Amino acid sequence: MYTLVYDGTFEGLLTAVFEIYDRKLFHVKLIKGEWLSSAMFEEVVQIITDENRATRVLRGLRKKLSSASIQRLYIAHMAEMENEESAIVGFIRYVFDSDINVEEDYGNKYVMRLSEILKMVRREKHRMEAFIRFQKLKDETFYAAVEPDFNVLPLLIRHFKNRYADQKWIIYDIKRKYGIHYNLHDTQYISLDFSEVNKHSDVISAYTEDETIYQHLWKNYFTSVNIAARKNTKLHLRHIPKRYWRHLTEKI
Amino acid sequence: MNAERITEKLNILADAAKYDVSCASSGSKRKNENKGLGNASNGICHSYTEDGRCVSLLKILLTNHCIFDCAYCVSRKNNDIKRAAFTVQEVVDLTINFYRRNYIEGLFLSSGIFKDADYTMERLVRVAKKLRTEHNFNGYIHLKSIPGASDELMREAGLYADRLSVNLEMPTEAGLKLLAPDKNRQDMIDPMEFLKNEIILRKEEKKLFKNAPLFAPAGQSTQVIIGATPESDQQVLQSANYFYKNFNLKRVYYSGYVPVLADKRLPALNTSVPMVRENRLYQADWLMRFYGFEVNEIVNEQQPLLDLDIDPKLGWAIRNMQAFPVDINKADLQMILRVPGIGLLSAHKIVSARKFAKLSWEQLRKIGVALNRARYFITCKSNEFERRDLTGNNIKQFILAESQSKYIKNTQTQLNLF
Ligand code: SF4
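Line by line, the protein sequences are chains A and B.
Everything in the first sequence is counted per the working numbering, starting at 1 for the first residue and increasing by one.
Everything in the second sequence is counted per the working numbering, starting at 1 for the first residue and increasing by one.
In isolation and in its complexed conformation, chain A is listed as follows (with noise of 0.2 Å):
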């Protein structure tokens, strides 16, 4: 068994399976993070992002893959899920070592590892476009800060531009430490430095003068169109989970 370290990114993921092939290292576990030079594990191997031998790699699964399919991938990757890099690589291999467009054939582990991965992200790539409550800013920008599980900003920028298109928003994962900004014309990836101040109360006085009295009207609504005839607990905790609480204007 061979420890692959890899840098994380899509490319470094595809440069070790270039090397999977290449050197014929069949039982293999790949994992992110940084090269150690006293590694504990004789075979650890560490894999340098290759561009090169990536782009030979990609271009070997668009000849036996739907772009659906390679786009599915990628977000996969992208969500940042912990311990799934084997389930990727495992289907990647299973791609290459079958004749056919395997990509539907549910029956195998890793094609139905995949499909489960890429449920969950959309899920909650559905949570975030649900969940997220802008916050009116003086300066007409609507502020959110999100703590999604899994890595999907990327994911939501198509929505919101479309959706918001006549007004600025910064969407913020807190927990990665990067959010979106879009000006009315374009979106940008930033980081805030939250680092000086207590960032919850700067928010607050930065509000526009009717952004409490919205955030109170939507919380009268919420709990206005409650039947506490038809009260079910355990169906409201699996709709909204309360991790997610946190910031819901209505469950604030």
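Honestly, the hints are just simulated from the structure, not real lab data.
Keep in mind it's a predicted model, so treat the numbers as computed, not measured.
We put the beta carbon where it would ideally sit given N, CA and C, even for glycine.
Among the hints, erroneous ones may be present.
[To be verified] Partner residues aside, some chain B positions facing chain A, computed with beta carbon under 8 Å:
1) Leu-10
2) Arg-101
3) Lys-349
4) Ser-352
[What the hints assert, rightly or not] Straight-line distance between alpha carbons at most 30 Å, and here's what the computed DSSO-like set of lysine-lysine pairs gives:
5) B:Lys-18 - A:Lys-234
6) B:Lys-130 - B:Lys-35
7) A:Lys-64 - B:Lys-355
8) A:Lys-63 - A:Lys-29
9) B:Lys-381 - A:Lys-138
10) B:Lys-381 - A:Lys-109
11) B:Lys-245 - B:Lys-206
12) B:Lys-77 - A:Lys-161
13) B:Lys-31 - A:Lys-219
14) B:Lys-250 - A:Lys-125
15) A:Lys-177 - A:Lys-242
16) A:Lys-234 - B:Lys-396
17) B:Lys-196 - B:Lys-245
18) A:Lys-125 - B:Lys-35
19) B:Lys-18 - A:Lys-231
20) B:Lys-358 - A:Lys-161
21) B:Lys-29 - A:Lys-32
22) A:Lys-119 - A:Lys-242
23) A:Lys-119 - B:Lys-381
24) B:Lys-115 - A:Lys-161
25) A:Lys-63 - A:Lys-138
26) A:Lys-168 - B:Lys-206
27) B:Lys-130 - A:Lys-168
28) B:Lys-264 - B:Lys-115
29) B:Lys-177 - B:Lys-250
30) B:Lys-366 - B:Lys-29
31) A:Lys-219 - B:Lys-18
32) A:Lys-251 - A:Lys-125
33) A:Lys-119 - A:Lys-109
34) B:Lys-31 - B:Lys-177
35) B:Lys-358 - A:Lys-119
36) B:Lys-203 - A:Lys-161
Given chain A, work out where chain B with the ligand should sit, using these hints.
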């Protein structure tokens, strides 16, 4: 803005609107054009109430003043409650500001009837028109059509709204006569008929002229109240089926009656909301719309009521044991869809996956099949399968015993399907 006054109105008029269960915001195709605000193509639930229902739209009444006296309705004329009315501008402002903060997908506006049908409808239309034309709002708008409103207003409503609905309220005409003496079923059917024809016409037009305006792109829906009158599930589902087929309805909503008023024509105030029955009706509705079942296969003269213990698909299966077992690796999609424990997605996955290799129990489990139910009805690549000659009733008992606790939990779920 007078925050206090608006808060009070919102509380009253949201509270009065909440018994209309439809909150869907899907099925439209409205795009955001010219860098305006919003689009209506996603059907997102932005929140969930504590009873687990989706909150997708700002669902309010324009007013709860009403000249009618429908027994089941909190806003009825003779009910002694606080009354309020929004101005057109207030509704517009609330919608825009909620929408910009990503609280909602759009507006669902309904109203008590003040003065007469047209007077009321005209105001509803004005809200929608203002949102579309003055605010370049492309979010979802669902307008309740007021029974008896003129064709002219209905046509205008269709130009601004994504969805229109006329609530049938009671599953049968007799039920309606009993509880809503001011209402007349024909007044509900006429606008439905008008809208159906108009939608068809506009669709044709859209094929010829790309720039023809959208007309109620998310179609029309209706709601019936369940459990306020004694109709059987057969009557309810047959009526739903009739409206799906004859009026091209997108959805029929079943709303378990919540006892809010004391009236000798109605179930007593302490009656519990028929939530399990409501859930079974939704499941049956899905069977008709997505699983290829005919209404008669689900309920009929011999079986006028849905079984509350088990879902209607399992119910059908145990009444039709001669159709099973199904060979998962050979049967066509239509038949696989009829197997209890296999949902739409799993059925399609099975059909894709088996082209590569025959599927075993383990693989079926991974694909998402609920084997605790499905295993009595299928065979796959394995020598293990149910060999006992079980009757439908045996199977029902086994399944119920095995999943007793889990099952009871599930029945609480409004749209947990199969
Ligand atoms: S017409 Fe509508 S609002 Fe008025 S009492 Fe009947 S159901 Fe209620």
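Tell me if the straight-line CA distance from Lys-18 (chain B) to Lys-234 (chain A) falls inside 30 Å. Since the Cα atoms of Lys-18 (chain B) and Lys-234 (chain A) sit roughly 21 Å apart, the hinted pair holds (cutoff 30 Å).
Could you grab the alpha-carbon distance between Lys-29 (chain B) and Lys-32 (chain A) and see if it respects the 30 Å cut-off? 42 Å, violated
For Lys-63 (chain A) and Lys-29 (chain A), compute the direct alpha-carbon distance and say whether it is at most 30 Å. Distance of about 25 Å is within 30 Å: holds.
Measuring from the C-beta of Arg-101 (chain B) to each C-beta in chain A, is the shortest one below 8 Å? This hint holds: Arg-101 (chain B) lies near chain A, its Cβ roughly 5 Å from the closest one there, short of 8 Å.
Against the 30 Å threshold, does the CA-CA distance of Lys-196 (chain B) and Lys-245 (chain B) hold or violate the hint? 11 Å, holds
CA of Lys-250 (chain B) to CA of Lys-125 (chain A), is that 30 Å or under? Distance ~27 Å between Lys-250 (chain B) and Lys-125 (chain A) Cα, so the pair holds.
Hinted pair Lys-381 (chain B) and Lys-109 (chain A), Cα distance within 30 Å: 16 Å, holds
Checking one constraint from the list: CA of Lys-245 (chain B) to CA of Lys-206 (chain B), max 30 Å. Satisfied? 23 Å, holds
Would you check the hint for Lys-119 (chain A) and Lys-381 (chain B), treating anything up to 30 Å between C-alpha atoms as holding? OK: Lys-119 (chain A) and Lys-381 (chain B) at ~27 Å, within 30 Å.
Hinted pair Lys-358 (chain B) and Lys-119 (chain A), Cα distance within 30 Å: 24 Å, holds
Just to be careful, I want the Cα atoms of Lys-168 (chain A) and Lys-206 (chain B) compared with a cutoff of 30 Å; is the pair within it? With a Cα-Cα distance of about 34 Å, the restraint between Lys-168 (chain A) and Lys-206 (chain B) is violated, given a limit of 30 Å.
Quick check on the hint: Ser-352 (chain B) CB to chain A CB, less than 8 Å? 4 Å, holds
The structure fails to meet hints 9, 12, 20, 21, 24, 25, 26, 30, 34 from the earlier list, while all remaining hints are met.
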